[in-house]
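J.: This is what each chain is made of:
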Amino acid sequence: MIKTGKKLASLFIFFLFVLSCQKSNAQSVSVQATLTETNIFEGESVQLDIAISGTSLSSLERPEIPTIEGLRYLPNRTISSSNYSYINGKPSLTQTFGFQFIAMSPGSFNVPSIKIKVNNKEYAAKPISFKILDPKTIDNGDAERSPDIYVRLEASTKNPVVGEQVVADIVLYFKSEVEVSNYNTVPGWKAEGFWKEELNNPAQARSTSVIINGIRYKRARLLQYALFPTKPGELTLSPYSLSVRVRNNRRTSRDPFNFSFGQENKELKTLPVTLNVERPPGIENAEYIGAVGDFEIKRTIKPTSAYVGESVEIITEIKGTGNVPLLNKPEYEFPESLELYNPQENSAITRDNRKIGGSKVFTDIVIARNDGLYTIPEKRIATYNPSSDKYEYTVLPEITFNAEIDPNATVTTLEDMRLDIDPVTGLANWEQKSVIPLKNRKSVFVLMAVPFLLFIGAFGYKTYYDKLTNDSGFARSTKAREMAFSILEEAKKTEDIKESYHKIQKALSRFIADKLNLPIAGISAQRLLEEVKDKKLNSSALADLKRIFEKCETVAYAPNISKEDMETDIQKSRELIKELGKVL
Amino acid sequence: MKVLVLLTSFLFITLTAQSQSSPQVRFDTANDLLEEGKYREALKQYRQIEDSGSSSGPLFLNMGIASVQIDSLGLAKYYFLKAEHFESVKNSAEKALEFVNSQFSRQSAKLPKLPWDKAVDIFKNTPGTFGLFLIGYISLCIALIVIVLDWFNLISLAKRNTIAISLLAITVIMVSLAYYVDYVDQRYDEAVLISEESEVRQNPKESSELVSMAYEGYDLTLDRKKSEEFSGWYYIRLGNGQFGWIKSKGIEIL
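Line order of the protein sequences matches chains A and B. Number 207 in the numbering used here belongs to position 207 of the first sequence; there are no gaps in the numbering. To get the numbering used here, take the position in the second sequence, counting from 1, and add 584.
Hint data in this document are derived by calculation from the structure and do not stem from the laboratory. Any given hint could turn out to be false.
Said to hold, decoys possible - Pairwise CB distance ranges, derived in the manner of DEER restraints:
id, chain 1, residue 1, chain 2, residue 2, range
1, B, K622, A, Y341, 32 to 40 Å
2, A, T230, B, K622, 49 to 57 Å
3, A, Y86, B, E783, 54 to 62 Å
4, B, D655, A, E404, 44 to 52 Å
5, B, E783, A, R279, 16 to 24 Å
What you are looking at is a predicted structure, and each value in this text was computed from that prediction instead of being measured. Cβ atoms here follow ideal geometry from the backbone N, Cα and C, with glycine treated the same way.
Extracted from the complex, chain B is given alone in its bound form:
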């Protein structure tokens, strides 16, 4: 009997602890705080969920709304951009972004993306790098099966060589593309400046020549590989195509 009581107690404590740390429970708590107008506390709760590795569209949308309420528009933009990637809240996030962007006193010129960069973005989202790899992989398997079956006279194809070479070419293209998209995805990150302003300099030094000023809400493209060379600085490209070094403080990477 004693053993049964102990076991039940242990199970109860374990389940209670698990339910407290579940993202949904924290999310509900944070939503209550948001409705009560305790925006900073709500944001703190939301951040704990994010730090635990869980993510969802409503989470980022609500974080953006909380950031707007505490008048941190750069941060709000950052969270709305993250929320935009989730289909369930995409429309709300786009509407919120439109609002936030209209509130910045300084607007950044934004060069349109090159067609190749647009294509890379599309591949990155659908079918994704692993999807591209799988297409290439399936193509490779089919090519090898065609060759092997032909060796043992199990099939008879008039244009066997053409089919096999075409399939192998597709494999090479798709696998190369998958690795290139993966490389671009790993090397470059989109980021948002959430501090009021920051200086963009020619070199990662305080004394270096000033390239431009960046203001809250500016979209930045960050070169992760180059940025690793200098601690505390990021090598970035501004929306108008200018390059330079910016202090890492006050920048949120998407």
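Chain A on its own, in the form it takes in the complex:
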């Protein structure tokens, strides 16, 4: 059963429209033929659309389909539709006929010009060339290896000049079995070396069909940016990242009924793209304000007559398409007697039709300090047009304005214009310039060294003091000489010779014991001599020590020892203590 209700309704609307337009005398009719694909694989179906548009379609015949070489017509699949719209306040009707074909044999072919009678007049659509590809030429391996989905950054030109607009498209390619439900951009893309402006993007990206390496892909332009190189040389656009939610409609063993379990998020990234940015050619006899594109420059003055002290604006307006955000202010030669103030700058940017455009307005503010006629000389400005690859010159004519003295203004006296400071005379305080940097002042280093040296000395003394207090062996060793000399002093003062020799022995024994940290009591002279011998005391000193020890022990039995002998032995003992001090 074939549904006819919709067709009847559309025909009814169409005839109503035809009747309503019968009296109008619009004559413009256009016929356009399009193929849904121009690269078709053998066995694939393709649709030929013939669209007839016009403000008045009083009589219209269904087009007759000629034989198209390479394609076979499928007669039961013809569709027709009509669309009514207002364009520029005028009604317009488009009647479209769609004819289905199947691709039969590989090769290059043409859809011939299709003729159609509209309003009793014959119109013809332009012929269309197309290719039918042999599926056998597709390398199955390549097809398997080719990614299901990927994103590319496509630059409109690879060799721009500094300041020229480069359109960078972020384009998604995906196979027909892949369905993209949505995408999100990953923020943070930087185009270093470029001024970046986002162009107006369509609310919903439309996809077209392309064949890449024999594989049919859908191509959808997601985003578009206008980039303006700011310096010459090789500049690289870093990878652009996208997060895409996709569903693969290919049935898999895990999802044999294609229940769409295969929805997943994919992170995609473009490859970096390198552009070779060239410098615009040199320029003479004009000022280049960095403008690259198609611009119009205009200079006006407001007002043309002003009072002295009133501000006057010189307005330079630059309008057109190109690097509007990067335009520099032209520099004018203002008369010396004009006071200049910081110029103002305003811009309005448009982003339609893949082009950055708009206007930039520079306002120079000047104030005349004297009355008279002021002239700002003409100015020749160059803008570079990359489409014609040459400079275009605009001469801004000279402008004049008249400054008058305001009759109501208060008059500034000459006194106000004079420096009212008297020179200082008489005696002055004189200083000698001697600023020595801190790093070159030796006194700084000396000053810093003093406390540290004192601190180190104090630390050393503290360590010595602590050891003397806590280490009895160290204390005995340190004080041994002093102690021995004091006992010898006592021996010298003693009248009794035996007692003196007892003290000499005590002094020597005590000194050796203190130095070697040996117990004081109960140690024999023989043991002390052995200890000293181990310390490599020279032989003569050792012999003297032995002799004195023996004399001290035998003094009780040798009554003929004189006081002089004793003093000699005391002196000898002193020397021995000094000698022992060197080795112990």
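Add chain B to chain A, keeping to what the hints say.
T.: Relative to the frame of chain A, chain B by itself:
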């Protein structure tokens, strides 16, 4: 007798020569020339005093006044800025600067200084780099004395470690600050453009891209270290924050 006469003559000649070269004598001579309206000669005399290494507030103030009279406003601004550093003529110098600045046909935008830069300026003037160093040094000495006295049990402080560490921290901060301020003072100089105009370029080359134009009286901050790399050029920052290279001719460093 002959020896006495010779000695007296020698002393007289020496003292006369010394008095002629004294800055005060030259200053008085220059002031006379200024009053007579011989501004260029006066300025020449003043410059000789400056070149001899002597400086004073009245000297720079008078040099500024002479420069105004010969219509060299950039130079006048330079001398008034120098005079501003001397307390005795500070008010007059400020008033003169106000006048001079109002006379320039082109005014430069001036970004306010960052708080840190302001602080460095304050430290530079009071107490100065050596003053900062001395504060740190005294703090160090006190810290070391506290530690040593404690070692020998000569004092007993409950928070000895806290006091010593705090004093050492103050030392580190003050000495570091002193050296940083000294570094900034040595590296960056304030300068004034005294020529009518000069180009500020991206690089120290005539052919380099033009950054901006500088006009008489513009305040510049000069990077001395970077400027040493190229003879005849200074690397500067303009009052509006732009950087670039400018020819050294026509620039007076404060």
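J.: All hints are to be evaluated individually against the structure, with a verdict given for each.
T.: A quick look at each hint next to the structure:
1. Range check, K622/B to Y341/A: Cβ separation about 38 Å, and the 32 to 40 Å hint holds.
2. Separation of T230/A from K622/B is about 55 Å and conforms to the stated range, judged on CB atoms against 49 to 57 Å.
3. Under the hint 54 to 62 Å, the C-beta atoms of Y86/A and E783/B, about 60 Å apart, fit the expected range.
4. The hint said 44 to 52 Å for the Cβ distance between D655/B and E404/A, and at roughly 27 Å that hint is violated.
5. Range check, E783/B to R279/A: Cβ separation about 21 Å, and the 16 to 24 Å hint holds.
Violated hint: 4 only; the structure is consistent with all others.
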